[in-house]
Amino acid sequence: GDSVTQMEGPVTLSEEAFLTINCTYTATGYPSLFWYVQYPGEGLQLLLKATKADDKGSNKGFEATYRKETTSFHLEKGSVQVSDSAVYFCALRPNQAGTALIFGKGTTLSVSS
Amino acid sequence: DAGVIQSPRHEVTEMGQEVTLRCKPISGHDYLFWYRQTMMRGLELLIYFNNNVPIDDSGMPEDRFSAKMPNASFSTLKIQPSEPRDSAVYFCASSSTLTGGYTFGSGTRLTVV
Chain A
5 GDSVTQMEGP VTLSEEAFLT INCTYTATGY PSLFWYVQYP GEGLQLLLKA TKADDKGSNK
65 GFEATYRKET TSFHLEKGSV QVSDSAVYFC ALRPNQAGTA LIFGKGTTLS VSS
Chain B
3 DAGVIQSPRH EVTEMGQEVT LRCKPISGHD YLFWYRQTMM RGLELLIYFN NNVPIDDSGM
63 PEDRFSAKMP NASFSTLKIQ PSEPRDSAVY FCASSSTLTG GYTFGSGTRL TVV
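Chains as they are written, first to last, in the numbering used here: chain A, 5 to 117; chain B, 3 to 115.
Bear in mind the hints are in silico, worked out from the structure with no lab data behind them.
No residue lacks a Cβ here, since even glycine has one placed at the ideal position from N, Cα and C.
Check before you lean on any hint, since a few could be wrong.
[Claimed, not checked] As a list, the in silico BS3-like pairs of lysine-lysine whose alpha-carbon atoms are at most 30 Å apart:
1) B/K80 x A/K109
2) A/K109 x A/K56
3) A/K56 x A/K72
4) B/K26 x A/K64
5) A/K109 x B/K26
6) A/K60 x A/K81
7) B/K70 x A/K109
8) A/K56 x A/K81
9) B/K26 x B/K80
[What the hints assert, rightly or not] Here are the in silico distance ranges between beta carbons for each label pair:
10) B/I57 x A/T74: 28 to 34 Å
11) B/V115 x A/G82: 41 to 47 Å
12) A/S117 x B/M41: 24 to 30 Å
13) A/G33 x B/I7: 30 to 36 Å
14) A/Y34 x B/R24: 34 to 40 Å
15) B/P83 x A/S117: 45 to 51 Å
16) A/T75 x B/S68: 35 to 41 Å
[To be verified] From the derived model, a few chain B residues whose C-beta atoms are all more than 12 Å from chain A:
17) E13
18) E16
19) M17
20) R66
21) F67
22) P72
23) N73
Whenever a hint applies, use it, and build me the whole structure from the sequences.
Structure follows, in structure tokens:
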């Protein structure tokens, strides 16, 4: 079945460092891909998305490119801030309309000043 | 819009008791999802509804769990009897076929002692 694999954390960085969180997926057809962020004590919030190959999603300085050839959707940010500390989830939605999101296990990011 | 509203935020109950979690989706959203989050298993989809009709309940762990959606603005997830291994954060999310985006509630943290 469809699945998402993302790098295990925690990821610990200093402020202004470069961030990469790897995400790869297994799916039939052409799924939509998402990154969600979860701050402590809160629900998940959509960070960015891409719906077709070579699309780049971006938001708040974060970017991810839908790479069908490598089945990847890695999350990047050029300069992280302490406020970026959170859990990040990669997810896919199979190409059938209305199907539920499938999430990776999440990667905890901790940024220190 | 107030977003997806879940209640209660925290629930502590004794083993064997019945627990009912509640969710009010965003008005106009036609999909509603229940997820469970634990450290060991990450985010697991329990069940989801389309236009108040259950579509896929294959993630419901066992017969002790049941979910209903009597109308477009309300859903419940019930556990009877509860067990310590049910301790987790339970999230409700809703989405629209038109926009495709998910909105998560803040979750209910359930502790069964």
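A quick look at each hint next to the structure:
Using a Cα cut-off of 30 Å, the hinted pair B/K80 and A/K109 holds, with the two alpha carbons roughly 25 Å apart. For the proposed pair A/K109 and A/K56, the alpha carbon gap of about 23 Å is at most 30 Å, so the pair holds. A C-alpha spacing of about 9 Å is found between A/K56 and A/K72, which places the hinted pair at or below 30 Å, so the restraint holds. The straight-line distance between the Cα atoms of B/K26 and A/K64 is roughly 29 Å, inside the 30 Å bound, and the hint therefore holds.
Simply put, A/K109 and B/K26 have alpha-carbon atoms about 26 Å apart, close enough for the 30 Å limit, and the pair holds. About 13 Å separates the Cα atoms of A/K60 and A/K81, which keeps this hinted pair within 30 Å; it holds. Between B/K70 and A/K109 the CA atoms are separated by roughly 27 Å; this keeps the pair inside 30 Å, and the hint holds. Note on A/K56 and A/K81: the hinted pairing holds, with a Cα-Cα distance of about 21 Å set against a maximum of 30 Å.
Restraint check: the Cα-Cα separation between B/K26 and B/K80 comes to about 15 Å, which is no more than 30 Å; the hinted pair holds. Under the hint 28 to 34 Å, the C-beta atoms of B/I57 and A/T74, about 32 Å apart, fit the expected range. Range check, B/V115 to A/G82: about 46 Å between beta-carbon atoms, so the 41 to 47 Å window is met. Between A/S117 and B/M41 the Cβ separation comes to about 27 Å, which falls inside the hinted range of 24 to 30 Å.
A/G33 and B/I7 have their C-beta atoms about 34 Å apart, which keeps the hinted 30 to 36 Å range intact. The hinted window of 34 to 40 Å between A/Y34 and B/R24 holds, with their beta carbons roughly 36 Å apart. Take B/P83 and A/S117: their Cβ atoms lie about 47 Å apart, and the range 45 to 51 Å holds. Checked against the hint of 35 to 41 Å, the C-beta distance between A/T75 and B/S68 comes to roughly 37 Å, which is consistent with it.
No Cβ of chain A comes within 12 Å of the Cβ of B/E13; the nearest lies about 15 Å off, and the non-interface call holds. Non-interface status of B/E16 relative to chain A is upheld: no Cβ of that chain comes within 12 Å, the nearest being about 24 Å off. With a least CB separation of 25 Å from chain A, B/M17 remains clear of the 12 Å interface cut-off, as annotated. In this structure B/R66 is separated from chain A by more than 12 Å, as the shortest Cβ-Cβ distance comes to about 22 Å.
Every C-beta of chain A lies more than 12 Å from that of B/F67, the closest at about 16 Å, which supports listing it as non-interface. The claim that B/P72 lies off the interface holds: its Cβ sits roughly 20 Å from the closest Cβ of chain A, which is beyond the 12 Å cut-off. Every Cβ of chain A is farther than 12 Å from the Cβ of B/N73; the closest lies at roughly 19 Å, confirming the non-interface assignment.
The structure meets every hint from the earlier list without exception.
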